[in-house]
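Asks: As you go down the protein sequences, you meet chains H and D in turn. All residue numbers for the first sequence refer to this note's numbering, where the first residue is 1 and numbers rise by one. All residue numbers for the second sequence refer to this note's numbering, where the first residue is 1 and numbers rise by one.
Keep in mind the hints are simulated off the structure, nothing from the lab. Even for Gly, the Cβ is constructed at its ideal location relative to N, Cα and C. Misleading hints may appear alongside valid ones.
[Unchecked claim] Here are some chain D residues pointing at chain H (derived, C-beta under 10 Å):
id: 1; residue: Ile-131
id: 2; residue: Ile-137
id: 3; residue: Gly-141
id: 4; residue: Ala-154
id: 5; residue: Leu-228
id: 6; residue: Gln-232
id: 7; residue: Glu-263
id: 8; residue: Tyr-281
[What the hints assert, rightly or not] Once the Cα atoms are required to be at most 20 Å apart in a straight line, the calculated DMTMM-like pairs of lysine to aspartate or glutamate come out as:
id: 9; chain 1: D; residue 1: Lys-138; chain 2: H; residue 2: Asp-56
id: 10; chain 1: H; residue 1: Lys-92; chain 2: H; residue 2: Asp-170
id: 11; chain 1: H; residue 1: Lys-250; chain 2: H; residue 2: Glu-163
id: 12; chain 1: D; residue 1: Lys-53; chain 2: D; residue 2: Asp-237
id: 13; chain 1: H; residue 1: Lys-119; chain 2: D; residue 2: Asp-237
id: 14; chain 1: D; residue 1: Lys-138; chain 2: D; residue 2: Asp-225
id: 15; chain 1: H; residue 1: Lys-250; chain 2: D; residue 2: Asp-237
id: 16; chain 1: H; residue 1: Lys-121; chain 2: D; residue 2: Glu-243
id: 17; chain 1: D; residue 1: Lys-191; chain 2: D; residue 2: Asp-181
id: 18; chain 1: D; residue 1: Lys-138; chain 2: H; residue 2: Asp-279
id: 19; chain 1: D; residue 1: Lys-12; chain 2: H; residue 2: Asp-279
id: 20; chain 1: H; residue 1: Lys-272; chain 2: H; residue 2: Asp-56
id: 21; chain 1: D; residue 1: Lys-168; chain 2: D; residue 2: Glu-224
id: 22; chain 1: H; residue 1: Lys-272; chain 2: D; residue 2: Glu-257
id: 23; chain 1: H; residue 1: Lys-121; chain 2: H; residue 2: Asp-202
id: 24; chain 1: D; residue 1: Lys-22; chain 2: H; residue 2: Asp-224
id: 25; chain 1: D; residue 1: Lys-138; chain 2: D; residue 2: Glu-263
id: 26; chain 1: H; residue 1: Lys-229; chain 2: H; residue 2: Asp-212
id: 27; chain 1: H; residue 1: Lys-92; chain 2: H; residue 2: Glu-249
id: 28; chain 1: D; residue 1: Lys-12; chain 2: H; residue 2: Asp-170
id: 29; chain 1: D; residue 1: Lys-198; chain 2: D; residue 2: Asp-65
id: 30; chain 1: D; residue 1: Lys-187; chain 2: D; residue 2: Glu-173
id: 31; chain 1: H; residue 1: Lys-272; chain 2: D; residue 2: Glu-173
id: 32; chain 1: H; residue 1: Lys-121; chain 2: H; residue 2: Asp-56
id: 33; chain 1: D; residue 1: Lys-53; chain 2: D; residue 2: Asp-181
id: 34; chain 1: D; residue 1: Lys-187; chain 2: D; residue 2: Glu-176
id: 35; chain 1: D; residue 1: Lys-191; chain 2: D; residue 2: Glu-173
id: 36; chain 1: H; residue 1: Lys-61; chain 2: D; residue 2: Asp-237
id: 37; chain 1: D; residue 1: Lys-191; chain 2: D; residue 2: Glu-176
id: 38; chain 1: H; residue 1: Lys-122; chain 2: D; residue 2: Glu-108
id: 39; chain 1: H; residue 1: Lys-272; chain 2: H; residue 2: Asp-257
id: 40; chain 1: H; residue 1: Lys-250; chain 2: D; residue 2: Glu-243
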Amino acid sequence: MDKMSRKITQTTKRMGSRKNYTKNNFILYLFLAPAVVLVLIFNYIPMYGVTIAFKDFSPIKGIMGSEWVGFTHFISFLQSPNFQQIFMNTIKLSGFELLIGFPIPIILAIMVNQLRRAKVKKNIQLIIYAPYFLSTVVIAGMLFIYLSPAGPVNGILTLFMDEPISFMTDPSYFRSIFIASGIWQAAGFSSIIYVAALSNVDPQLHDAATIDGASLLQRIIHIDLQALKPTIAVLFILAIGGIMGVGFEKAYLLQTDMNLPASEIIDTYVYKRGLQAGDWSFGAAVGLFNSVISLVLLITANTVVKKLNGETLY
Amino acid sequence: MKFKNDLVNNSKTDRMLLLLNKFILILLVLIVTVPLLYVLFGSFLHPNILLTKGISFNPDDWTLDGYRRIFQDGSIMRGFLNSIIYAGGFTIVSVLFSILAGYALSVENLAGKKLFMIFFIVTMFFNGGMIPTYLLIKELGMINTPWAIILPGAVSVWNIILSRTYFKGLPNELKEAARIDGASDFKIFLKIILPLSKPIIFVLALYAFIGQWNSYFNAMIYLEDQSLYPLQLVLRDILIQNEVQPGMIADQLARAEIQRIAEMIKYSSIVISSLPLLIMYPFFQKYFEKGVMVGSLK
Numbered sequence: 001m002d003k004m005s006r007k008i009t010q011t012t013k014r015m016g017s018r019k020n021y022t023k024n025n026f027i028l029y030l031f032l033a034p035a036v037v038l039v040l041i042f043n044y045i046p047m048y049g050v051t052i053a054f055k056d057f058s059p060i061k062g063i064m065g066s067e068w069v070g071f072t073h074f075i076s077f078l079q080s081p082n083f084q085q086i087f088m089n090t091i092k093l094s095g096f097e098l099l100i101g102f103p104i105p106i107i108l109a110i111m112v113n114q115l116r117r118a119k120v121k122k123n124i125q126l127i128i129y130a131p132y133f134l135s136t137v138v139i140a141g142m143l144f145i146y147l148s149p150a151g152p153v154n155g156i157l158t159l160f161m162d163e164p165i166s167f168m169t170d171p172s173y174f175r176s177i178f179i180a181s182g183i184w185q186a187a188g189f190s191s192i193i194y195v196a197a198l199s200n201v202d203p204q205l206h207d208a209a210t211i212d213g214a215s216l217l218q219r220i221i222h223i224d225l226q227a228l229k230p231t232i233a234v235l236f237i238l239a240i241g242g243i244m245g246v247g248f249e250k251a252y253l254l255q256t257d258m259n260l261p262a263s264e265i266i267d268t269y270v271y272k273r274g275l276q277a278g279d280w281s282f283g284a285a286v287g288l289f290n291s292v293i294s295l296v297l298l299i300t301a302n303t304v305v306k307k308l309n310g311e312t313l314y
Numbered sequence: 001m002k003f004k005n006d007l008v009n010n011s012k013t014d015r016m017l018l019l020l021n022k023f024i025l026i027l028l029v030l031i032v033t034v035p036l037l038y039v040l041f042g043s044f045l046h047p048n049i050l051l052t053k054g055i056s057f058n059p060d061d062w063t064l065d066g067y068r069r070i071f072q073d074g075s076i077m078r079g080f081l082n083s084i085i086y087a088g089g090f091t092i093v094s095v096l097f098s099i100l101a102g103y104a105l106s107v108e109n110l111a112g113k114k115l116f117m118i119f120f121i122v123t124m125f126f127n128g129g130m131i132p133t134y135l136l137i138k139e140l141g142m143i144n145t146p147w148a149i150i151l152p153g154a155v156s157v158w159n160i161i162l163s164r165t166y167f168k169g170l171p172n173e174l175k176e177a178a179r180i181d182g183a184s185d186f187k188i189f190l191k192i193i194l195p196l197s198k199p200i201i202f203v204l205a206l207y208a209f210i211g212q213w214n215s216y217f218n219a220m221i222y223l224e225d226q227s228l229y230p231l232q233l234v235l236r237d238i239l240i241q242n243e244v245q246p247g248m249i250a251d252q253l254a255r256a257e258i259q260r261i262a263e264m265i266k267y268s269s270i271v272i273s274s275l276p277l278l279i280m281y282p283f284f285q286k287y288f289e290k291g292v293m294v295g296s297l298k
């Protein structure tokens, strides 16, 4: 487009938009209004409400009327005998989940990508996505059924052993059960994004590399993994940011009185102390402690990944 | 194509690897399907048959008793209806508000756009957390009402950004042409943008609906009346708390018998509650994949 015609288009554009300028904008702000109002109420007000972490909140006095107590609740959480256990449980559960669960969808996508026949590929994908659509309650329910002392897993195990294993009440199994079931449920679905990224790889690259004598593994490492790198980076940052928010819904369901030494994590503790026991300020303080760590982790991960390969989240 | 492949995968190790690959994938398919089929068969077989005999083809071992007891009691069905209302309401609010906001933020010369973006994005990094949110809901008088399920969390910043990205990708010429013809932004949105936005609307709606359908946490903390319980909370009572609903086992039975029937009810209720999504998602597979792609565009 030459200079002249560009200028004409720009002028017409401006004329067109000037005509309804105020009216247009009014409508657009009206479009924004519902989302702004809801976010203001349900996201921003609780941010203000988090000040009760520094107060002795009593429902009668309200947030404004309650007295300031500074960092008392934080200190009492840090000094409480359970602190170390709960904190380490949270870190371990999500750390191992990330360490084991993060690479699996990538490997799965590379494996699926090797399938030549489109129909087989599609059907396999369809099947491995299925568990993603089950609810957390159903997953937990299935675990209780399968792993109970009289359940099918122990039915097989007792062929080789004398005693059934009480998986759900023994703390030493909790993390493995949590992580393995998480992988079972989500690995297939999480691989979608990587499969999509791999489908953008030019097949000619693979052909050329093969002609140059590259083996399958070499091509996977130097072509496929390279193509996945940006996606991996972004998802990794997000995963790090989510470490402290490790699946409350599932952990809470899988908790039994007996496995608490491994299964009590910060979020479940906040729920029990804050909501169930009515220790509002203490619960809010523990929750805030958790969010601050998440934020720090997210920012750190973002900075590190940015330094490593220039891919960032924001 | 076949000829080319033979030419390409010529090394012996490579062919072995590909074979191994297929073998492992078949194994994975089994790992995914066997636990699901076990539940499905368990729901149709008399208690303990699966454990003692395995899958039996003797018609005497088959029964619909588990399903009969579930329908008799009604709490699962009521949960189903509640869930449809909650997930449906949540989806409508979520998609409508996100799309409207996303469209406004995709318009180039909107004054204060940057400020609004910051306003939304901040919520991705900070949140008040469980306790302050609960206190707010209580203050608003929404405890024990469906609003506590439908409204909080309905407007997700993620969805706003996704739809904004989608709208930005639409050809600008369409809007410009309509604007020159004197159409207002409202008209442009209604007549031109919306008809082109079916894919993004569908994707957002699917994810919102499934997310809400499968969650139980908000319902657990905000709802008190059992009659308001969504499906997942009813399921939690049956599957996790081991609480058999009174209407399911009304007959006078020995404890051991009750326990066995309770097991069967667990299988049947898993099937009833999971089947709708499991049957439907293959038809929407395209959209799930599209959703992931849109998300990866940033």
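Asks: Hints numbered earlier in the text: which of these fail when held up against the supplied structure?
Replies: 3, 5, 11, 12, 13, 16, 19, 21, 22, 25, 26, 28, 29, 31, 32, 33, 36, 38
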